[in-house]
Amino acid sequence: MVDNSAFDDIPGTTVFTASRSREGFQLNQFCMSLMKEENRTRFKKDERAYLDEWKLTEAQKLAVLKRDYNEMIANGGNIYFLAKIFATDGKSFQEAASTMTGMSVEDYAQMMLNGGRSPDGVRSIKEGR
Amino acid sequence: MARITSGVSTSHVPAIGAAIDLGKTESEYWAPLFKGYEWSKQWIKNEKPDVIVLVYNDHASAFSLEMIPTFAIGCGDEFEICDEGFGPRPVPVVKGHPELAAHLAQSLILDEFDMTVINEMKVDHGLTVPLSLMFGQPDAWPVKVVPIAVNVVQYPPPTGNRCFNLGKALRRAIENFDEDLNVQVWGTGGMSHQLQGERAGLINPVFDNGFLDKMVNDPAALAAIPHLEYLIEAGSEGIELVMWLIMRGAMGDKVNELHRFYHVPASNTAVGHLIIEPTN
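Chain order of the listed sequences is B and F. According to numbering that gives the first Met the number 0, the residues represented by the first sequence are 0 to 128, in order. According to numbering that gives the first Met the number 0, the residues represented by the second sequence are 0 to 279, in order.
Here chain B stands alone, though its shape is the one from the complex:
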């Protein structure tokens, strides 16, 4: 039996496995629909109505409406699919990534300019390294 428990020991990281892919199938396919301009227009006009056309769970819909990317990922979203949402919003990958870290957009951008987040201390929860 495959054992993915080691992934849970990496802090602040969700690995998009086949089972998460199943869980997030509708959410991620909804994101794909935003690759068409006509769908982006319809989504922006009435987000809730557009989301209701998809078989998403209520938690997934609310996470999209709140633009809570960590919550979308916790409900099976994958970042490359979710990228279609923030592209529709006219936001960059860096802005979107910063919202998942608890840092302000400016602080996150500065951290990247300073060389990014060091892996030291965020390799393993159990080993604290």
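Some hints here could point you the wrong way.
Ranges between beta-carbon positions, derived for each pair [stated by the list, open to error]: (1) B:Ala-5 <-> F:Ile-67: 17 to 25 Å; (2) F:Gly-22 <-> B:Glu-52: 35 to 43 Å; (3) F:Ile-108 <-> B:Arg-21: 23 to 31 Å; (4) B:Asp-119 <-> F:Glu-111: 35 to 43 Å; (5) F:Pro-68 <-> B:Met-0: 20 to 28 Å; (6) F:Glu-111 <-> B:Glu-37: 43 to 51 Å; (7) F:Leu-257 <-> B:Arg-47: 48 to 56 Å; (8) F:Val-215 <-> B:Ala-5: 29 to 37 Å.
Sample of chain F residues with no beta-carbon within 12 Å of chain B, all distances over it, derived [stated by the list, open to error]: (9) Pro-13; (10) Lys-34; (11) Phe-62; (12) Pro-68; (13) Val-116; (14) Arg-161; (15) Asn-175; (16) Asp-177; (17) Asp-179; (18) Lys-213; (19) Ala-219; (20) Glu-276.
Beyond 10 Å from chain B on every Cβ pair, some chain F residues (computed) [stated by the list, open to error]: (21) Glu-25; (22) Pro-204; (23) Pro-277.
Treat the hints as calculated values from the structure; they're not laboratory data. Nothing here was measured: the structure is a model prediction, and the numbers come from that model. Even glycine gets a Cβ: it sits at the ideal position worked out from N, Cα and C.
Assemble the complex: chain B is given as a structure, and chain F must be docked to it using the hints.
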């Protein structure tokens, strides 16, 4: 006969494409990055490759979750540019080499690498950003491209070792093609980066520079890196680096390093770039 003349690896960060398309390459933020590619652009003008076998990954653009091919080869006449959510990049359509692609698909499958054959697909920044970095903004790309798409979106991607061996098979297949062609193999993606969760923004220059060294001198060591190590050391999206090993496998045992560049950051990502050529 066709011959492999060199290998190029580079990151394919979407923001680099946006910087080129929006004319920001001279800005304070972007100028140091593009400086690292100046030598490469001059070099490739002189090299004049006929075809690039371009290893990249699709980012939920051509492939949704309906089907997830581990290795796919583009056999079409041409590949249009896809709309990733903000309109297609304003770059030329990518012309394929269907005869070489068909030969490679058949050779690789009979060599026990079960490629998915793609006759029609659009290509995203994973393929077009490397072309822009190396060729700038021409009216038409000066080469034909055989795309090889690797799944690195849904876990697990193929192992580094599998990619390395696919590269070796690719070399056998290319060198067995009758037409007189200069072929480059490109491996794209990476280096360390994580785009999701509280650990987003992870950059590991020690891992990355060790990887660059071993791409030249000890690729077998890289082929042995397990997925968990990529996830921990290079970030959840740094696992794209397995694609570089397809390029490296195609270069043979010994290579000359022609050019190397490493830069942090491009958006959320550590950019690595290497040009090597086979010595034999």
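Each hint tested on the structure:
{"no.": "1", "hint": "B:Ala-5 <-> F:Ile-67: 17 to 25 Å", "result": "22 Å, holds"}
{"no.": "2", "hint": "F:Gly-22 <-> B:Glu-52: 35 to 43 Å", "result": "38 Å, holds"}
{"no.": "3", "hint": "F:Ile-108 <-> B:Arg-21: 23 to 31 Å", "result": "29 Å, holds"}
{"no.": "4", "hint": "B:Asp-119 <-> F:Glu-111: 35 to 43 Å", "result": "42 Å, holds"}
{"no.": "5", "hint": "F:Pro-68 <-> B:Met-0: 20 to 28 Å", "result": "25 Å, holds"}
{"no.": "6", "hint": "F:Glu-111 <-> B:Glu-37: 43 to 51 Å", "result": "44 Å, holds"}
{"no.": "7", "hint": "F:Leu-257 <-> B:Arg-47: 48 to 56 Å", "result": "55 Å, holds"}
{"no.": "8", "hint": "F:Val-215 <-> B:Ala-5: 29 to 37 Å", "result": "31 Å, holds"}
{"no.": "9", "hint": "Pro-13", "result": "6 Å, violated"}
{"no.": "10", "hint": "Lys-34", "result": "17 Å, holds"}
{"no.": "11", "hint": "Phe-62", "result": "10 Å, violated"}
{"no.": "12", "hint": "Pro-68", "result": "14 Å, holds"}
{"no.": "13", "hint": "Val-116", "result": "22 Å, holds"}
{"no.": "14", "hint": "Arg-161", "result": "17 Å, holds"}
{"no.": "15", "hint": "Asn-175", "result": "35 Å, holds"}
{"no.": "16", "hint": "Asp-177", "result": "39 Å, holds"}
{"no.": "17", "hint": "Asp-179", "result": "39 Å, holds"}
{"no.": "18", "hint": "Lys-213", "result": "18 Å, holds"}
{"no.": "19", "hint": "Ala-219", "result": "24 Å, holds"}
{"no.": "20", "hint": "Glu-276", "result": "31 Å, holds"}
{"no.": "21", "hint": "Glu-25", "result": "18 Å, holds"}
{"no.": "22", "hint": "Pro-204", "result": "7 Å, violated"}
{"no.": "23", "hint": "Pro-277", "result": "33 Å, holds"}
Checked against the numbered hints given earlier, this structure breaks hints 9, 11 and 22; the rest are met.
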